[in-house]
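Chain A is fixed; fit chain B onto it per the hints.
If you read the sequences in order, they're chains A and B.
Quick note on numbering: our numbering labels position 298 of the first sequence as 298, and the sequence is numbered without any gaps.
Going from the second sequence to our numbering is simple: count from 1 and add 1000.
A hint or two may mislead.
Unchecked claim - A partial selection of chain A residues facing chain B, derived with a Cβ cut-off under 10 angstroms:
#: 1; residue: Q25
#: 2; residue: S28
#: 3; residue: P48
#: 4; residue: T282
#: 5; residue: N292
#: 6; residue: E298
#: 7; residue: F300
As the list claims (entries may be wrong) - Result set (DSSO-like, lysine-lysine): computed pairs, CA atoms no more than 30 angstroms apart in a straight line:
#: 8; chain 1: B; residue 1: K1314; chain 2: A; residue 2: K378
#: 9; chain 1: A; residue 1: K61; chain 2: B; residue 2: K1147
#: 10; chain 1: A; residue 1: K52; chain 2: B; residue 2: K1215
#: 11; chain 1: A; residue 1: K215; chain 2: A; residue 2: K314
#: 12; chain 1: A; residue 1: K366; chain 2: B; residue 2: K1266
#: 13; chain 1: A; residue 1: K52; chain 2: B; residue 2: K1147
#: 14; chain 1: B; residue 1: K1052; chain 2: A; residue 2: K215
Said to hold, decoys possible - Which residues of chain A face chain B? A partial, calculated answer using Cβ under 8 angstroms:
#: 15; residue: F26
#: 16; residue: V38
#: 17; residue: R40
#: 18; residue: V43
#: 19; residue: V44
#: 20; residue: S192
#: 21; residue: R222
#: 22; residue: L285
#: 23; residue: K301
#: 24; residue: E302
#: 25; residue: V305
#: 26; residue: Y307
#: 27; residue: A311
#: 28; residue: R388
#: 29; residue: D392
Honestly, the hints are just simulated from the structure, not real lab data.
Predicted model, so just to flag it, every value in this text is computed and none were measured.
The beta carbon of each residue, even a glycine, is placed where N, CA and C say it ideally should be.
Now for the letters of each chain:
There are 2 protein chains.
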Amino acid sequence: MNTTAEILAVGTELLLGDIVNTNAQFISRELAKLGINVYRHTVVGDNPARLKAAYARAFEKADVVIATGGLGPTGDDITKEIAAEYFGLPLVFHEESWNAIQARFAGMRAGVPSANRKQALIPEGCTVFPNANGTAPGACIESGDGKALLLLPGPPNEMEPMFLEYAVPFLCTKSSSVFVSRTLKTCGVGESRAEEILKDIIAAQSNPTVAPYAKMSEVWLRVTASAPDGQTARALIAPVAAAIYDRLGENIYGEDDDSLEGIVIKRLRENNLTLAPAESCTGGLLSAALVNVPGASEVFKEGLVTYSNEAKIKSLGVREATLSAHGAVSEQTAAEMAEGAARSAGASVGVSTTGIAGPGGGTPEKPVGLVYVGLYVKDRGVTVKELRLTGDRQRIRHRAVISALDFLRRELFILN
Amino acid sequence: MNTTAEILAVGTELLLGDIVNTNAQFISRELAKLGINVYRHTVVGDNPARLKAAYARAFEKADVVIATGGLGPTGDDITKEIAAEYFGLPLVFHEESWNAIQARFAGMRAGVPSANRKQALIPEGCTVFPNANGTAPGACIESGDGKALLLLPGPPNEMEPMFLEYAVPFLCTKSSSVFVSRTLKTCGVGESRAEEILKDIIAAQSNPTVAPYAKMSEVWLRVTASAPDGQTARALIAPVAAAIYDRLGENIYGEDDDSLEGIVIKRLRENNLTLAPAESCTGGLLSAALVNVPGASEVFKEGLVTYSNEAKIKSLGVREATLSAHGAVSEQTAAEMAEGAARSAGASVGVSTTGIAGPGGGTPEKPVGLVYVGLYVKDRGVTVKELRLTGDRQRIRHRAVISALDFLRRELFILN
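The following block holds chain A by itself, in its conformation from the complex:
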């Protein structure tokens, strides 16, 4: 029997849409690794009656309830107080937590605000999780019947390290089987196309399961097995993953923590190539993605954001005649931008983007979403790819970056 968990976020700011519940994602991902089955996410406001009802409802099904938020110093922060009430435990003063709170305010002239004293009160008998990054300690309340409530702070920079350091070791004692996942990441096939190709494989599996999902311009295939130990789980996954590789081939660019930009940088380095992007519609996002890869500096020569025609001419050597005959968003301009980027930066590979990200600027012949990606390779010449992307401005820009990276990957390392 697997351990079942519910993740409960407490905070009116979530129900007002002021912030997004990234904590639920972080915790879900970590629980999946531990083989703990997440049954539900719930978000409730800072309301005592509703929070108490939420605890009760969560424990109807869940062995472990992980609550985030509402541990702050203000009157709105009631997660711990209602938890104590729910379990019938008094709140007691916790010396160590008080010392830690005082230490955080040491050196500030005003001293500890009186409101913070309430953060040193804890439900009697619980395990306290120290907070290395804030004033609110976390807590683990275990009931006699094997159920547990974990209270964690809301700010991700406090919650995440506390979860990893204190909650994970506790949760490990609760799980009898592990779940292992391998995520095969593809670019260049749509979700329904991928599902059609893999239909029989997806249908045939129950352990491991195969779950496809779309992420921007990518489709990821998550193969998940449960077993008493990691090795057995991995052995169950291997043949299914191999079958997916057989069908999707080079559409799969990597697995798990691989990123498209990471793969591109790795392949460039392996081939002793250097890269220079010149960006118009993507405005620097392509450079930012590439430079974010550790070790990018070895292959990333220089990036140029040439948004205006003037900059395209001056810095990339795009010809005025090309711009006036074909426009800035054209195959010809993309080609000259890519070549110009490589030459100007002294790189062996130049890549360019030029397109109409919208919302304005589209015409019947050149609609919003039309993007050209140019690729120049020294001693080989230029190739240009035309893209027709959908979505809002942000999305078109992001999709253009992903498409440019995938174009680089395929042109440089697969087709040739």
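Same frame as chain A, now just chain B:
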């Protein structure tokens, strides 16, 4: 009596932590504007029994349940099917939706995948919401007792426009009072400092309420009033907003849809200034933020991503002596980068970033999070700001972008 809503997201990928539930945030924010009280967010997996139970539980309290996700073509997509079952409605074929689906696949050689046919089935008697950005139509099922279930697709680029175009007009008929918010956006004061400055204002208010919240390096103050009509609500907000302006002054850079980069571009344009960023640690993100502002091309001359020393020397004219004496992450290098960016691009203002985003590369004297922002203004010279930022690599990069923009805003348009 206010209308009460629950937002229900359906998808095992959410419970596995593969994606984050941004839809709940978007819908919550929109409902707040309509004066609809969001009671709870729930996320359940692709499981028929649990989904049916979730509908039942949601309707215990909520007048309107808004479900997102699970309208796709695959067998896992069951939101509509279970909704029909829950309301006891048969699924019927909807000609118009089928035509729209066929139109989306027009021109593709393979035609409509057979799986997509299921997306044209709708619960009998419901109102269909056409999907301009995908194959899944949405739906609104109204029950006899005044309750309503809205079914919306999961991908945000499909859900958001559908929500605004079809769900909002429907929901307006359900609400008797409106909520109006004004969000005052600040940069350069911490959250607890802002709260302290505004303590009495925050405490004194119940309508409007004043809610501060931190967002990366910004603090936003949301002033929200409820009233029978928008004009009355806005009149309640005005004096409170004025009091906040009195206290926070130039720390407030804008309101509501204003962005820091938008304000910077606007002020540059008003002052006939042009801008050229040179980025090291931010890798293109500063250019990408600026270029994303409509009309940026008038003031944005050119951006340079000079990650390597070589590029800093070659393209920006940073002196080798400066780099070897002070290092790439130094006040001196930031200054020369900013000046070099302006000169090389022919812009009146140059801005630069150089820093250690981590996780590696830190030393005791130059720790991770140390970032210098350089600002060169023609005929005025160079100013450099030193930042000590916290967080992971992504966060440091983003915070550096925001700090650079705020530095530009203050130096160019407030202090001088």
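To see whether the hints hold, each was checked on the structure:
no. : hint                : verdict
1   : Q25                 : 4 angstroms, holds
2   : S28                 : 3 angstroms, holds
3   : P48                 : 15 angstroms, violated
4   : T282                : 7 angstroms, holds
5   : N292                : 6 angstroms, holds
6   : E298                : 9 angstroms, holds
7   : F300                : 5 angstroms, holds
8   : B:K1314 with A:K378 : 20 angstroms, holds
9   : A:K61 with B:K1147  : 27 angstroms, holds
10  : A:K52 with B:K1215  : 29 angstroms, holds
11  : A:K215 with A:K314  : 37 angstroms, violated
12  : A:K366 with B:K1266 : 28 angstroms, holds
13  : A:K52 with B:K1147  : 26 angstroms, holds
14  : B:K1052 with A:K215 : 27 angstroms, holds
15  : F26                 : 7 angstroms, holds
16  : V38                 : 4 angstroms, holds
17  : R40                 : 6 angstroms, holds
18  : V43                 : 4 angstroms, holds
19  : V44                 : 6 angstroms, holds
20  : S192                : 5 angstroms, holds
21  : R222                : 7 angstroms, holds
22  : L285                : 5 angstroms, holds
23  : K301                : 6 angstroms, holds
24  : E302                : 4 angstroms, holds
25  : V305                : 3 angstroms, holds
26  : Y307                : 5 angstroms, holds
27  : A311                : 4 angstroms, holds
28  : R388                : 11 angstroms, violated
29  : D392                : 7 angstroms, holds
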